[in-house]
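Engineer: Note that the protein sequences, when read in sequence, are chains A and B.
Using my numbering, read the first sequence as starting at 1 and increasing by one per residue.
Using my numbering, read the second sequence as starting at 1001 and increasing by one per residue.
Quick caveat, the hints were computed from the structure, so don't treat them as lab data.
Possibly wrong hints are sitting among the right ones.
[To be verified] Short, incomplete list of chain B residues facing chain A, as computed with Cβ under 10 Å: (1) 1007; (2) 1039; (3) 1126; (4) 1145; (5) 1154; (6) 1193; (7) 1197; (8) 1219; (9) 1248; (10) 1323.
[Claimed, not checked] Pairs of lysine to aspartate or glutamate residues, derived as EDC-like cross-links and limited to a Cα-Cα distance of at most 20 Å, are as follows: (11) 1292(B) x 1264(B); (12) 1292(B) x 1302(B); (13) 1236(B) x 68(A); (14) 1020(B) x 31(A); (15) 1032(B) x 1237(B); (16) 27(A) x 1237(B); (17) 1020(B) x 68(A); (18) 27(A) x 1125(B).
Just so you know, even glycine gets a beta-carbon here, dropped at the ideal spot from N, CA and C.
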Amino acid sequence: MCLAIPVRVVAVEGNVATVDMGGSRAKARLDALGEPVQVGDYLLVHAGFAIRRLDPQDAEETLRLWDELLSLTDT
Amino acid sequence: MEAGALFTLRDQARAERFQKLLLAWAPDRPVKIVHVCGTHEITIAQHGLRSLLPENVEVLEGPGCPVCVTSTQDFDCALQLAERGAILCTFGDMTRVPGTRMTLEEARAEGADVRVVLSAADAVEVARRNPQKPVVFFAVGFETTAPGTAAVLLDHPPDNFYVLVSHKLIPPALEALLSTPPVEISAFLAPGHVSTVIGAGAYRGIAARFHVPIVVAGFEPLDILFAIALVLRQLKEGRAEVENAYPRSVTEAGNLRAQALLREVFAVGPALWRGIGEIPGSGLYLREEFAKHDAKREFGVEGRVGEEKPPGCRCSDVLMARAVPTDCPFYGHACTPLTPIGPCMVGAEGACNIWYRYGGRPRL
Ligand code: SF4
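Isolated chain B, as found in the complex (with noise of 0.2 Å):
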């Protein structure tokens, strides 16, 4: 059978069953649930899931757009390489984000070679057929897509193959969210697919030092509606545990092999995250082995830290689960996707983008 078919678990009944029990567990006060993941947030948009929500549940998206939270300084690095000559290799969206001296589409008009890749090891291909040249793969993405720049660097890469690493782990940013004051988050919505990497256990520090509900959430609009009623049902109960709620994909443990990949290949540091600063120990780095495919230091690249943020953006309150897109004056005017300001509106996974797409706010 067709895998999708296979794991597409939609039904109507069961969503109205779903929607009465949430109505049934609403709770007494404002509650505030944030979750990090682009794909979430499609799937809330793309099925109108906060129209099924109590009066006083909001469910916001934090810092969950790799594109949206990759640093202009990374972004200058990469014009840099480019310029001098590079050919760089990166996801698509990454090519249109604003915010340094010219995007990297804007490079590519103006002649350097910026090609858009879907892997780490397509990059490793664009090295193989142009050994001539240096390729600069500028990787980001979360715990999801860092193990596949790892293997790769492990599989004998060709000399002329470089990492531009921008790889940044999401545990880290869920403990500078509730350590920011003001504080308005009841609970997380944990992400599907970075969990499967890292396990449900990765969580549990977390929750129970911060006392917070942390639900690990799936993909489908049933599993969201599932996860959000386990948050209710624990912060009804006072409650403030881990809970897998996708446990067809995660275990409490993980994917140790993507776990042992990511430790063979990275060591843990602090990162700039854009629109929220520093965090520490929530940035991958090259370890010393693999000195000879670092970007930044073979080429001698630092990058300067370019504008945060254009005037009258809201990303930052964005990234921060602090605003929702239609909070921000220049929302559907200014800023669309054909003419984004800020980096929410150019990744495919940034809050602002993914509204404009499924029709503002979806609240009926």
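Chain A with its partners taken away, still in its complex shape (with noise of 0.2 Å):
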């Protein structure tokens, strides 16, 4: 039930996302996530509601961030 999955946005009117869900259209409220949603924006979303707006270039910071630390043993 803790399954959050990530999405893009298609399209926002009012508190309501339209978004690809892998494919398929789905809804998704966006009341508890408190930023603005744009189209192409991308969304953590969990039972219906946005927990997180995610950024791409956070994907590269999390790669970043698991080399540093497998760099220690390399040596």
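Starting from the two chains in their separate frames, assemble the complex, guided by the hints.
Structural biologist: As structure tokens, this is what we get:
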């Protein structure tokens, strides 16, 4: 139930976004988000409510963090 | 680009390097790491991550399945409400949990109107379309799910919409596990999406007070290996701190808007966790302003405590992170997802259900 999925926003109307969820369309409520959302944004959606806006750059940041730790065994 | 592709960070080479790192930091004594999240368990089981861990490192799922920890008392309330003619809306697995007079699915077979919804907003829709009937949303889940319940209550739901609140909070559950002897927990992996809402900072007091490392973990296989590596490094260095291994979703303060919704709608009180018992400060209760949507209050249902667990079922030990599913004699024989004996085999986030789906004890 705590499964939250990254989705892409395809339309926004009031506090409801239409999102693309692996090819199918779904609605996500934006009440619990507290920041503006635009078409093309990525959201983490849990049980019909967005809980976080995801920044694709953060994915790169994650790889950097991993590699920093991994480099500790390379020597 | 499709969101799935963008945020799925998988690669074999890094996985192998993580394994090397974990072996290099292997502890010199047995270590038990507990996570409290069905989605973590799914990643671990699905990708066979236990096979990459040093011999003496164990990872167990504690009380991470909201369906499994819902008290039989609350199920009994739901059953009574459905039998009195309310339309009862809840999440899928809830309808199949044994332990009261009958499951909600069985009640439906006898004529009760029990419906599966995917979101609190769907339950409000059901209420709008059936104005002549009371509609009760049986609300379970942790800090991830509760903001949705709060949002619909603040969004002027119709008068025939009620909530049977069974939402629970994760940090008090971690404290309970650390306060109930014998405690054999070396560290926690904190759930990434609960932490997205409450923030990594929510665990700092617990880590310090109980001197236990707590690392917030994401849900990709490499996220979990990264978090376990950070745990092993802390143990090696004798540190007990909160580390955030999932910063692409979790911040120190969390989602302030979601926290404000929770505070506006709910007050905190003790809650009964199935298989564990009462945990102080771990439950959410509707504030006075929302009393007219409070199903328990409006319909005067109390609920009896039913069978905590059927004789022989080891769900309590599984939920307390003191046993793994294969320790139970019923696992895979008498108890399967089609013939569940305990709640841990029903919930798609229950450890028994997950182990069964992904093929037994996933250690190679
Ligand atoms: S296998 Fe079934 S009976 Fe055994 S602990 Fe799990 S749910 Fe309970």
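Engineer: Does each hint fit the structure? Answer for all of them.
Structural biologist: Hint-by-hint comparison with the structure:
1. 1007: Holds - the Cβ of residue 1007(B) comes within 10 Å of chain A, reaching about 5 Å at its closest.
2. 1039: For residue 1039(B), the interface hint holds, since the closest Cβ of chain A sits about 5 Å away, which is under 10 Å.
3. 1126: violated, 13 Å
4. 1145: holds, 5 Å
5. 1154: holds, 8 Å
6. 1193: Check passed: Cβ of residue 1193(B) comes within 5 Å of chain A, closer than 10 Å.
7. 1197: At about 6 Å, which falls below the 10 Å cut-off, the nearest Cβ of chain A leaves the hint on residue 1197(B) intact, so it holds.
8. 1219: holds, 8 Å
9. 1248: holds, 4 Å
10. 1323: Cβ of residue 1323(B) sits 22 Å from chain A, so the hint is violated.
11. 1292(B) x 1264(B): This hinted pair holds, its Cα atoms lying about 16 Å apart.
12. 1292(B) x 1302(B): Roughly 17 Å between the alpha carbons, so the hint for residue 1292(B) and residue 1302(B) holds.
13. 1236(B) x 68(A): Distance ~18 Å between residue 1236(B) and residue 68(A) Cα, so the pair holds.
14. 1020(B) x 31(A): violated, 44 Å
15. 1032(B) x 1237(B): OK: residue 1032(B) and residue 1237(B) at ~17 Å, within 20 Å.
16. 27(A) x 1237(B): violated, 47 Å
17. 1020(B) x 68(A): Judged against 20 Å, a Cα distance of about 14 Å means the pair holds.
18. 27(A) x 1125(B): holds, 13 Å
Checked against the numbered hints listed earlier, the structure breaks hints 3, 10, 14, 16; every other hint is satisfied.
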